[in-house]
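Trainee: We have chain X; now place chain Y onto it with these hints.
Number of protein chains: 2
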Amino acid sequence: MSQLKLMQPSVVKTAYNRIKKYINKTPLLQSETINMKLASKIYFKFEGLQKVGAFKARGAINTLLHLKEQNQLPERIVAYSSGNHAQAVAWAAQQLGIKATIIIPSLASPIKIAATKNYGAEVIITKERQQAEDLAHEKSKDSFLLPPYDHDDVIAGQGTAALEAWEEEGDFDAVFAPCGGGGLISGTYLATQLFSENAKVYATEPQIANDASQSYKTGTISRFTTSPMTIADGTRTLSISERTFQYIKMLHGFYEISEEEIIYWTQWLTHLLKINLEPTSALGMAGAFQWIREGNRNKRILIIVSGGNIDASTYMKIWEKNYLEDIPAL
Amino acid sequence: MSQLKLMQPSVVKTAYNRIKKYINKTPLLQSETINMKLASKIYFKFEGLQKVGAFKARGAINTLLHLKEQNQLPERIVAYSSGNHAQAVAWAAQQLGIKATIIIPSLASPIKIAATKNYGAEVIITKERQQAEDLAHEKSKDSFLLPPYDHDDVIAGQGTAALEAWEEEGDFDAVFAPCGGGGLISGTYLATQLFSENAKVYATEPQIANDASQSYKTGTISRFTTSPMTIADGTRTLSISERTFQYIKMLHGFYEISEEEIIYWTQWLTHLLKINLEPTSALGMAGAFQWIREGNRNKRILIIVSGGNIDASTYMKIWEKNYLEDIPAL
Numbered sequence: 016m017s018q019l020k021l022m023q024p025s026v027v028k029t030a031y032n033r034i035k036k037y038i039n040k041t042p043l044l045q046s047e048t049i050n051m052k053l054a055s056k057i058y059f060k061f062e063g064l065q066k067v068g069a070f071k072a073r074g075a076i077n078t079l080l081h082l083k084e085q086n087q088l089p090e091r092i093v094a095y096s097s098g099n100h101a102q103a104v105a106w107a108a109q110q111l112g113i114k115a116t117i118i119i120p121s122l123a124s125p126i127k128i129a130a131t132k133n134y135g136a137e138v139i140i141t142k143e144r145q146q147a148e149d150l151a152h153e154k155s156k157d158s159f160l161l162p163p164y165d166h167d168d169v170i171a172g173q174g175t176a177a178l179e180a181w182e183e184e185g186d187f188d189a190v191f192a193p194c195g196g197g198g199l200i201s202g203t204y205l206a207t208q209l210f211s212e213n214a215k216v217y218a219t220e221p222q223i224a225n226d227a228s229q230s231y232k233t234g235t236i237s238r239f240t241t242s243p244m245t246i247a248d249g250t251r252t253l254s255i256s257e258r259t260f261q262y263i264k265m266l267h268g269f270y271e272i273s274e275e276e277i278i279y280w281t282q283w284l285t286h287l288l289k290i291n292l293e294p295t296s297a298l299g300m301a302g303a304f305q306w307i308r309e310g311n312r313n314k315r316i317l318i319i320v321s322g323g324n325i326d327a328s329t330y331m332k333i334w335e336k337n338y339l340e341d342i343p344a345l
Numbered sequence: 016m017s018q019l020k021l022m023q024p025s026v027v028k029t030a031y032n033r034i035k036k037y038i039n040k041t042p043l044l045q046s047e048t049i050n051m052k053l054a055s056k057i058y059f060k061f062e063g064l065q066k067v068g069a070f071k072a073r074g075a076i077n078t079l080l081h082l083k084e085q086n087q088l089p090e091r092i093v094a095y096s097s098g099n100h101a102q103a104v105a106w107a108a109q110q111l112g113i114k115a116t117i118i119i120p121s122l123a124s125p126i127k128i129a130a131t132k133n134y135g136a137e138v139i140i141t142k143e144r145q146q147a148e149d150l151a152h153e154k155s156k157d158s159f160l161l162p163p164y165d166h167d168d169v170i171a172g173q174g175t176a177a178l179e180a181w182e183e184e185g186d187f188d189a190v191f192a193p194c195g196g197g198g199l200i201s202g203t204y205l206a207t208q209l210f211s212e213n214a215k216v217y218a219t220e221p222q223i224a225n226d227a228s229q230s231y232k233t234g235t236i237s238r239f240t241t242s243p244m245t246i247a248d249g250t251r252t253l254s255i256s257e258r259t260f261q262y263i264k265m266l267h268g269f270y271e272i273s274e275e276e277i278i279y280w281t282q283w284l285t286h287l288l289k290i291n292l293e294p295t296s297a298l299g300m301a302g303a304f305q306w307i308r309e310g311n312r313n314k315r316i317l318i319i320v321s322g323g324n325i326d327a328s329t330y331m332k333i334w335e336k337n338y339l340e341d342i343p344a345l
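First to last, the sequence lines map onto chains X and Y. Taking this note's numbering, I'd label the letters of the first sequence as residues 16 to 345. Taking this note's numbering, I'd label the letters of the second sequence as residues 16 to 345.
Looking at chain X on its own, in the form it has when it is part of the complex (with noise of 0.2 Å):
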């Protein structure tokens, strides 16, 4: 566990220079559709297309990296996780030629935990989350546990995402990601520190999962006791920690969504940028619409659509009513 401080805004820089090499390049779409209707210029970054279908590619492996830079590569690393977690982890371990266990609760999808064990990791299903949880940290006495949100290299890693898109389109006046533990909004909020001081940058958390934006509101981290079972599974961690709440504390702002928001925007998503993606990428949309509806006309934006990894079950959840009925209710 990597020591509490701020850090700067540079260690994106690093960790892309680092990792650059071993990730995809996702690409940056957009709908003439949206951007008509809503008077704005959207950029989605795409991870689905990144390395194991999401951004948590970035962040396993620049952690992974760093640790060879300083020449403490562990010969065995534990991760738990029943979400893409799992997968990037197996997946860095896999390029850098290191064993993995990956602890899974056995709710997770079936397709998740063959490609876990596709990328050659020793894969423990326990019956529970907590399970899974307390043996991953029993087995770090003698592995490294690379966590899912809570260290520097994870956050600093999946802040990469919203370089490359910096890179390529900026300047962009707004900047959206979902937030679940947190890792991936504090990179967002550190890289987009690196190109503006003027751009904002806003998290989104489902409403029944709203346990983020609570802490932000209230400056004491909030925590729920069982997981809140949001459509967005991405979003379903119990609580930040206090090294993702020292970024999320200076975001502009928090959008809470609801789980009917989340559908809509996940099928108009897909109708038109033709894209899988999960319907936890779907809520940096969700904020964004309603930020604009706010009268923020003419402004460029920049949404992280985190992952494309979606369970048969969920897809019946997201297709059971139908909201592309007509384009104008856009």
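Derived from the structure by calculation, the hints contain no laboratory data. Treat the hints loosely; a few may be bogus.
The list treats identical chains as one, so a pair stands whether inside a single copy or across any two.
As a list, the in silico DMTMM-like pairs of lysine to aspartate or glutamate whose alpha-carbon atoms are at most 25 Å apart [said to hold, decoys possible]:
| hint | residue 1 | residue 2 |
| --- | --- | --- |
| 1 | Lys142 | Glu340 |
| 2 | Lys332 | Glu148 |
| 3 | Lys314 | Glu212 |
| 4 | Lys332 | Glu275 |
| 5 | Lys40 | Glu183 |
| 6 | Lys35 | Glu84 |
| 7 | Lys314 | Asp186 |
| 8 | Lys314 | Glu137 |
| 9 | Lys35 | Glu47 |
| 10 | Lys232 | Asp188 |
| 11 | Lys114 | Glu47 |
| 12 | Lys132 | Glu47 |
| 13 | Lys132 | Glu340 |
| 14 | Lys52 | Asp326 |
| 15 | Lys20 | Glu84 |
| 16 | Lys232 | Glu340 |
| 17 | Lys336 | Glu275 |
| 18 | Lys336 | Glu274 |
| 19 | Lys36 | Glu184 |
Mentor: Coordinates of chain Y only, in the frame set by chain X:
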């Protein structure tokens, strides 16, 4: 209606030079997982990112631009379609500043009707498909009727998708495309002749909509009396035409695909490529998979992924059963 003659492959090159500044150069995608599991190098030409979300834009704009070159651009055009051709003709007319009337049977989805209107076309809804066709022919007395496939410039235009892929990543050993009325596969065949004498070109068609495959086998055009209700709605045409049959006769083979295989590959390509592809677009991969299983290993394969326009109800049909169980099942 243009005269029935066999075109030279060079018409595709001419078409491309004519249309390239109007259309998108769509990406050629790969999946490391598919390439590894199938011991092949497969390139997916993703026409979902074409104007209007499907290859149909290519043929429509080529036809109008060719008329314009000959100083025969009409003031008004008409077309009938319940699918991507409707939007393609509306879009092409808008590009050239002429009026379009699109006649759409009421079974078409609201989103496709809205998109067609959005391109500035007049839309007339008829109760049945036959009425749409009849009305279009009636209107063709004082408007140019732009047919979905039975026109030389449409065929040449559709071939430009394969041409782009050949220019970017040839040399392919085999090329696969879906076959509805035959415009896309005919153009794809012609484009391939520009680059290789040896490359095989295969058509793929749903088993329950196998009129073209039957025509190929028997040497006589086979015709359905009612639209076969395959999930691959781009192939619900009743028959190919004499014009497209000229090229279809010269193909190296047909693969007939079950509805389950269509859904299976729609799911896997959505998941692995992170794209929103319509079921018709999964036909090519399903055919290639059979071809590989026949012993064609370590080949370079081009697959035309025809489009990305899907109705909400179709998503429910795609995802009601989960085929993403385990990667080795691939």
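Trainee: All the hints need checking, so say for each whether the structure fits it.
Mentor: Consistency of the hints with the structure:
no., hint, verdict
1, Lys142 - Glu340, "between (41 Å within a copy, 19 Å between copies)"
2, Lys332 - Glu148, "neither (28 Å within a copy, 37 Å between copies)"
3, Lys314 - Glu212, "within (16 Å within a copy, 52 Å between copies)"
4, Lys332 - Glu275, "both (11 Å within a copy, 21 Å between copies)"
5, Lys40 - Glu183, "both (10 Å within a copy, 19 Å between copies)"
6, Lys35 - Glu84, "within (15 Å within a copy, 47 Å between copies)"
7, Lys314 - Asp186, "within (10 Å within a copy, 44 Å between copies)"
8, Lys314 - Glu137, "neither (47 Å within a copy, 32 Å between copies)"
9, Lys35 - Glu47, "between (30 Å within a copy, 19 Å between copies)"
10, Lys232 - Asp188, "within (23 Å within a copy, 60 Å between copies)"
11, Lys114 - Glu47, "between (45 Å within a copy, 21 Å between copies)"
12, Lys132 - Glu47, "between (40 Å within a copy, 15 Å between copies)"
13, Lys132 - Glu340, "between (41 Å within a copy, 13 Å between copies)"
14, Lys52 - Asp326, "between (31 Å within a copy, 21 Å between copies)"
15, Lys20 - Glu84, "within (20 Å within a copy, 67 Å between copies)"
16, Lys232 - Glu340, "neither (36 Å within a copy, 42 Å between copies)"
17, Lys336 - Glu275, "both (10 Å within a copy, 24 Å between copies)"
18, Lys336 - Glu274, "both (12 Å within a copy, 24 Å between copies)"
19, Lys36 - Glu184, "both (21 Å within a copy, 22 Å between copies)"
Violated hints for the displayed structure, listed by number in ascending order: 2, 8 and 16.
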